[in-house]
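Visitor: Residue numbers (this note's numbering), protein chains in the order written: chain A, 188 to 503; chain B, 188 to 503; chain C, 188 to 503.
Just so you know, the hints here were simulated from the structure itself, not pulled from any lab data. Please read these numbers as outputs of a predicted model, since none were measured by experiment. A few of these clues could be false.
The list treats identical chains as one, so a pair stands whether inside a single copy or across any two.
Straight-line alpha carbon distances no greater than 16 angstroms define the calculated EDC-like cross-link-like pairs of lysine to aspartate or glutamate that follow [unchecked claim]:
#1 Lys238 - Asp263
#2 Lys372 - Glu386
#3 Lys278 - Asp296
#4 Lys273 - Glu346
#5 Lys372 - Asp383
#6 Lys345 - Glu204
#7 Lys238 - Asp192
#8 Lys405 - Glu369
#9 Lys229 - Glu369
#10 Lys372 - Asp328
#11 Lys405 - Glu207
#12 Lys278 - Asp328
#13 Lys500 - Asp205
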Amino acid sequence: MLFSDVASYLKLELVGEDLELDSMNELSLSSSSQLAFATHKKYSSELSSSKAKAFLITNVLIEYLPKNSSYIICEDVSISMAQATKLFSKKPIEAGVASAKIGDNSYIDGMAKVENGAVIGSNVTILAGAYIGTNVHVGDDTIIYPNVTIYRDCVIGKECIIHSGSVIGADGFGFSHTNTGEHVKIYQNGNVIIEDCVEIGANCAIDRAVFNSTIIRKGTKMDNFIHIAHNCDIGEHSVFVAQTGVGGSTKLGRNCVVSGQSAFSDHLSIAPFSTFTARSGVTKNITESGGVYSGFPLMSHREWKRLQVRIAKLNN
Amino acid sequence: MLFSDVASYLKLELVGEDLELDSMNELSLSSSSQLAFATHKKYSSELSSSKAKAFLITNVLIEYLPKNSSYIICEDVSISMAQATKLFSKKPIEAGVASAKIGDNSYIDGMAKVENGAVIGSNVTILAGAYIGTNVHVGDDTIIYPNVTIYRDCVIGKECIIHSGSVIGADGFGFSHTNTGEHVKIYQNGNVIIEDCVEIGANCAIDRAVFNSTIIRKGTKMDNFIHIAHNCDIGEHSVFVAQTGVGGSTKLGRNCVVSGQSAFSDHLSIAPFSTFTARSGVTKNITESGGVYSGFPLMSHREWKRLQVRIAKLNN
Amino acid sequence: MLFSDVASYLKLELVGEDLELDSMNELSLSSSSQLAFATHKKYSSELSSSKAKAFLITNVLIEYLPKNSSYIICEDVSISMAQATKLFSKKPIEAGVASAKIGDNSYIDGMAKVENGAVIGSNVTILAGAYIGTNVHVGDDTIIYPNVTIYRDCVIGKECIIHSGSVIGADGFGFSHTNTGEHVKIYQNGNVIIEDCVEIGANCAIDRAVFNSTIIRKGTKMDNFIHIAHNCDIGEHSVFVAQTGVGGSTKLGRNCVVSGQSAFSDHLSIAPFSTFTARSGVTKNITESGGVYSGFPLMSHREWKRLQVRIAKLNN
Chain A
188 MLFSDVASYL
198 KLELVGEDLE
208 LDSMNELSLS
218 SSSQLAFATH
228 KKYSSELSSS
238 KAKAFLITNV
248 LIEYLPKNSS
258 YIICEDVSIS
268 MAQATKLFSK
278 KPIEAGVASA
288 KIGDNSYIDG
298 MAKVENGAVI
308 GSNVTILAGA
318 YIGTNVHVGD
328 DTIIYPNVTI
338 YRDCVIGKEC
348 IIHSGSVIGA
358 DGFGFSHTNT
368 GEHVKIYQNG
378 NVIIEDCVEI
388 GANCAIDRAV
398 FNSTIIRKGT
408 KMDNFIHIAH
418 NCDIGEHSVF
428 VAQTGVGGST
438 KLGRNCVVSG
448 QSAFSDHLSI
458 APFSTFTARS
468 GVTKNITESG
478 GVYSGFPLMS
488 HREWKRLQVR
498 IAKLNN
Chain B
188 MLFSDVASYL
198 KLELVGEDLE
208 LDSMNELSLS
218 SSSQLAFATH
228 KKYSSELSSS
238 KAKAFLITNV
248 LIEYLPKNSS
258 YIICEDVSIS
268 MAQATKLFSK
278 KPIEAGVASA
288 KIGDNSYIDG
298 MAKVENGAVI
308 GSNVTILAGA
318 YIGTNVHVGD
328 DTIIYPNVTI
338 YRDCVIGKEC
348 IIHSGSVIGA
358 DGFGFSHTNT
368 GEHVKIYQNG
378 NVIIEDCVEI
388 GANCAIDRAV
398 FNSTIIRKGT
408 KMDNFIHIAH
418 NCDIGEHSVF
428 VAQTGVGGST
438 KLGRNCVVSG
448 QSAFSDHLSI
458 APFSTFTARS
468 GVTKNITESG
478 GVYSGFPLMS
488 HREWKRLQVR
498 IAKLNN
Chain C
188 MLFSDVASYL
198 KLELVGEDLE
208 LDSMNELSLS
218 SSSQLAFATH
228 KKYSSELSSS
238 KAKAFLITNV
248 LIEYLPKNSS
258 YIICEDVSIS
268 MAQATKLFSK
278 KPIEAGVASA
288 KIGDNSYIDG
298 MAKVENGAVI
308 GSNVTILAGA
318 YIGTNVHVGD
328 DTIIYPNVTI
338 YRDCVIGKEC
348 IIHSGSVIGA
358 DGFGFSHTNT
368 GEHVKIYQNG
378 NVIIEDCVEI
388 GANCAIDRAV
398 FNSTIIRKGT
408 KMDNFIHIAH
418 NCDIGEHSVF
428 VAQTGVGGST
438 KLGRNCVVSG
448 QSAFSDHLSI
458 APFSTFTARS
468 GVTKNITESG
478 GVYSGFPLMS
488 HREWKRLQVR
498 IAKLNN
């Protein structure tokens, strides 16, 4: 898509030369063929060092643009960015893609739906009512139970098990907000990558990234009702007990253990080998590996146990 | 249905003239063709002013009946009411209804099920495994992702997005309880109305009303795993973050923001522009708009932050 | 399967005579045709009195074996046991089973999938997108709503209602853990038994047992998003409000009432007629029936209310 087409769609003016753009991305990750955006002065140094050549910015950020940039000045970059994501979004399914490829010895029930462009490995089992979207890849020896949904462009590794009712790759929850209280959808143009040997319980939901990928690394095991928001990166061999949620862009190191009904805020970084007891509410980064935590607000498990004793004494 | 048929079914006596009844409703909302019921003396004034002409009541309420009422005296109105809802309930699907109507340019996958009587607008996308029940209406430009279920008689607006695994219109959770500890189902004879521009995440559940409608007003956005119980009324442009639940008949004003794992009791009224931080537990009405709340029991967010500091000091 | 085949698969030595084994089970429940295992010295007396004849044990437990036992000494019984469960596991669907039997007056939508070996009673309704696995039994007058999944070998009683998106019989969440932090799947070779007159809301998940059965007893009613882990035994006429979870092997007595977002740890025993208010977190057995509880850590509801008042005063 031409940058000038974006400008037309937004009804805003393009400054600089026109460019061919293939997608959008965050400022720090954008390549020269991607549309970047900067919403706030705190991103001025990221802006200066960006590899992108096309930007949506506010007036006050012009001076920080890399040389020879093309840009659109937006009254509200957040709204314009959201509107632009629609231009780069894909349809739920795609016409004109080659038929799905199915590997040897795979069983795909006649009542499962595999969209065109999908690539299914060998010895895969896909049961009735499962949905495999456009261009989805499923690795060898994986089992997809009935009524699982895998949205387009997601990647499932080898020897995975995905239980019924789980949804892989639905839109992450992202909106920009107008002055009048309406919410403008930020189209979620990324995908989900599930590595090898991952097991996902019943009725989980792992959302696709806004840009790039939500990643579940190899060997991780999830119980039922796990919510993983867009752009999370879940470390290898982690364990999630039922009804736990992880906010957007949060990154867990390997071998974390998360007990039931716990939750993580967005944009956190959690050290490997961290353990969280039931109903932990994690709102801050954890930098030291191997700790055991509890409570909301979160504290060390030892502290939490002592605190419960002291709280109980208030009743004396 | 004749009121005398209800009496026969309940094996109780009809007092007054027989009447043709088309449905049941709450006392305060009943019309002259609806069967009403009053379980307790506290409803005596509602009973006196009711527009209904047919009642299930207890002995002690006879004196409060409007003139010329027909009625059945029940030993346990709650149980008799529950039994009567079965008489007025509809089958999960309906035979003998006209074929579904599909608008122009709509894509309905051959592996989606659209029951008779459904009315689908134009430019609608319904993917494989989705279920559209008898008489459901779906507005223009709406996208229904795979394995969504919409029960009969529900109404979905224009430009809505409903993600996979979500269930619209399952029965609300309502039972009357016998002396011996059994639960008698109150059939849920209402529906769900979702207005325009609503987005519903993956694996949500929005229950149908017992009578009348559960309503999600325009522009509201829901993340994954949102539970909305029967007869809720969710205001325009509200936002629900993952794993949140709202109890039956609770009404939220417009532009409420509800963070993850929060919950609301039933029968609450929440002022518009209220914000609830993660894991809020709301058990009382909120009458003033624009507040920010936290905790369980709920308090202002400012109080909650101060309280957490004081609680932490107990450990010193 | 021969015990010697198990030994070969584990690459370990069989001591004693070879035996034909039909399944695995916990030590205390094993019959003479089942493979048992003992992981720790604390099980020595259970081991001595076991009816099993084939064991996976550690070196230190040899002296407690019943006379004439056959056994395999494992370096890590937990890992060997997990590996052995794979040998006894069944495929997700089974070829070579007789066609499903359908009772009179049952409606099975052409877009529902009923696997071979299933036995469906009379007057059953199974709507589009529902999945009924190999050898599943469904009792008379039961309604299975669209996009419900029932895994193989599960048993559903009469007059049950299962709402859309619910998953009955997905694998329980069980793994053994290696020294290097990997998780070895314990195959879940049991099933789920749902007795008569049970109603299960939308998007619930009731996991199959590792051995034997997860049981939901008659008349129990569940709201949406209820998680019941493997090997639970839920007493008659219990009530679960939305977003509640029960950990593995926990047993509730009859007529328990569990309010929203509550949770139970695993391996608990809860007395009948216990009531838990919203967000209860139950981590200990309850032996006295009829109590009302709140909070996490759990306490009596009366104590909890008093405690909240005292906590609030910390802010003065």
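Visitor: Let me make sure I understand: some of the numbered hints might not hold for this structure. Which ones are they, in numerical order?
Guide: 1, 6, 7, 9, 11, 13
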